[in-house]
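Protein chains: 2
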Amino acid sequence: MRVGFYQSDVTPGDRQGNLDRMATALSGASFDLVVLTELFATGYGFADRTAVVAQAEAVPDGPTTGALIDIARAKHAFIVGSLVEADGERCYNTAVIAGPHGFVGRHRKIHLPDIERRYFDPGEPDTPMFDLDGVRVGLVICFESWFPEYCRRLALAGADILCHPANFGGTMSPDVIRTRAIENLVFTITANRVGQEMVGGALEEFRGGSRIVDPEGGILHEAGRTEALGIVDIDPTRARRKASPVCRDFLAEIRRASSPQL
Amino acid sequence: MRVGFYQSDVTPGDRQGNLDRMATALSGASFDLVVLTELFATGYGFADRTAVVAQAEAVPDGPTTGALIDIARAKHAFIVGSLVEADGERCYNTAVIAGPHGFVGRHRKIHLPDIERRYFDPGEPDTPMFDLDGVRVGLVICFESWFPEYCRRLALAGADILCHPANFGGTMSPDVIRTRAIENLVFTITANRVGQEMVGGALEEFRGGSRIVDPEGGILHEAGRTEALGIVDIDPTRARRKASPVCRDFLAEIRRASSPQL
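Chains as they are written, first to last, in the numbering used here: chain A, 7 to 268; chain B, 7 to 268.
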């Protein structure tokens, strides 16, 4: 299975331009599953809730999900995107999957950093698991990766791959997401943004460093600080062995660790 | 508060020699809390259960805990050690704390790698929290750090510092334990062994790299691959702020993440 990320910059406020650039970048690539960065079509810096609402769109009928579906159909592949979702009065930071047969599903970010609380609603608790032609995928949006419980639930629900659209500037998230791969014996694909944007009145520098990590913590591919498409071949069933060199029945130990009586 | 680690090699089978060397290394140092490596007095490679039983001792009345208490009294400080504990027919991989007034408490390793399952019994589930003159300490023994649930329970029980005696050779554990500091906003003190020993028929090379990490993931001190005493000054109450730059009320978010309905 060919999986990867597209690590990109964003032109804030130019959704169509960002969608077109993404489409061009992916047009020549060969992949079965690709992950885009968090809010790749809008940018991350919003003045207030009104600015967020102005960018919000329906899922799956809005333009961003529509563009992803068009590419997924053309490439006979799956794409994980991220967008501002409107649902009635609510606005969510939402990740979606598009596939060869159209819309696959969504996950609304549960754990929001303070800046996002100003204008997003947190998603209702969920553990969505998506079957992509037999490969099981969970969606983890940026800061959600800092909470081991959510990733653990996805792993126990059978995730082979955690897809992780991100917008981080700090140095902690790469270690954190690698730990999620190690402790759950799953693949992780992080697509982190590059470039700069004003966020909450301060200039944020996004650090890229998108990574594909295997279930033993091996870093299969890592990007630098510029736009990059990173794609590798993996055998996703490796995530089902749940055997580490030091603990063959790791799944039993995970179950033991997460049992309510502990 | 002056806290740190003593990263040492071991002469297998020479408990008194190892205890003497540790006492000498600590005699000139100034500290309030120091963490020793996992099984620092016996080594980690055992031929079988019989060999383990031969090294096992009572807690707190055995020679290793006794030696730790002697030093703790002389230094007016706390020491976290690690030993093979005998309790009736059972043998545990146990961490202990000794203090100025004697024995403080113990924790028996819950999560055992396969090699240890051959000859150790797993500890009963617990979340022991030790109050060291107002500073709250949890004990995490090597591979236990790979399970976020145990460290989370310690954090929710109020831990300021996770003390982590370790014997690892791989490259994953440093990232994993740093993640435990980040996701729980606690200090971690890892004392990892150096040197080589035959373990389960293969030569294991322990990598040292002992680390003190702060609640924001900052690496306050890191050792190389040789014997080293590493001590830094910290303000343990920083672990009680539970405020990260991106999420001021991180504790509320942790509680949300770990609530049963999620």
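Incorrect hints may have been included.
[Stated by the list, open to error] No farther apart than 20 Å at their CA atoms in a straight line, the calculated lysine to aspartate or glutamate pairs in the EDC-like style are these: (1) LYS248/A / ASP220/A; (2) LYS81/A / ASP139/A; (3) LYS248/A / ASP76/B; (4) LYS248/B / ASP120/A; (5) LYS248/B / GLU222/B; (6) LYS248/A / ASP137/A.
[Said to hold, decoys possible] Here are a few chain B residues that face chain A, going by a calculated C-beta distance under 10 Å: (7) SER33; (8) GLY34; (9) SER36; (10) PHE37; (11) ARG123; (12) TYR125; (13) ASP127; (14) PRO134; (15) ASP137; (16) GLY201; (17) PRO251; (18) CYS253; (19) SER264.
Hints were generated in silico from the structure; no laboratory data involved.
Glycine residues also receive a C-beta, built at the ideal position from the N, C-alpha and C atoms.
Here is what the structure says about each hint:
{"no.": "1", "hint": "LYS248/A / ASP220/A", "verdict": "12 Å, holds"}
{"no.": "2", "hint": "LYS81/A / ASP139/A", "verdict": "15 Å, holds"}
{"no.": "3", "hint": "LYS248/A / ASP76/B", "verdict": "44 Å, violated"}
{"no.": "4", "hint": "LYS248/B / ASP120/A", "verdict": "14 Å, holds"}
{"no.": "5", "hint": "LYS248/B / GLU222/B", "verdict": "10 Å, holds"}
{"no.": "6", "hint": "LYS248/A / ASP137/A", "verdict": "19 Å, holds"}
{"no.": "7", "hint": "SER33", "verdict": "35 Å, violated"}
{"no.": "8", "hint": "GLY34", "verdict": "34 Å, violated"}
{"no.": "9", "hint": "SER36", "verdict": "31 Å, violated"}
{"no.": "10", "hint": "PHE37", "verdict": "27 Å, violated"}
{"no.": "11", "hint": "ARG123", "verdict": "9 Å, holds"}
{"no.": "12", "hint": "TYR125", "verdict": "15 Å, violated"}
{"no.": "13", "hint": "ASP127", "verdict": "14 Å, violated"}
{"no.": "14", "hint": "PRO134", "verdict": "13 Å, violated"}
{"no.": "15", "hint": "ASP137", "verdict": "22 Å, violated"}
{"no.": "16", "hint": "GLY201", "verdict": "19 Å, violated"}
{"no.": "17", "hint": "PRO251", "verdict": "8 Å, holds"}
{"no.": "18", "hint": "CYS253", "verdict": "5 Å, holds"}
{"no.": "19", "hint": "SER264", "verdict": "5 Å, holds"}
In summary, the numbered hints that this structure violates are 3, 7, 8, 9, 10, 12, 13, 14, 15 and 16.
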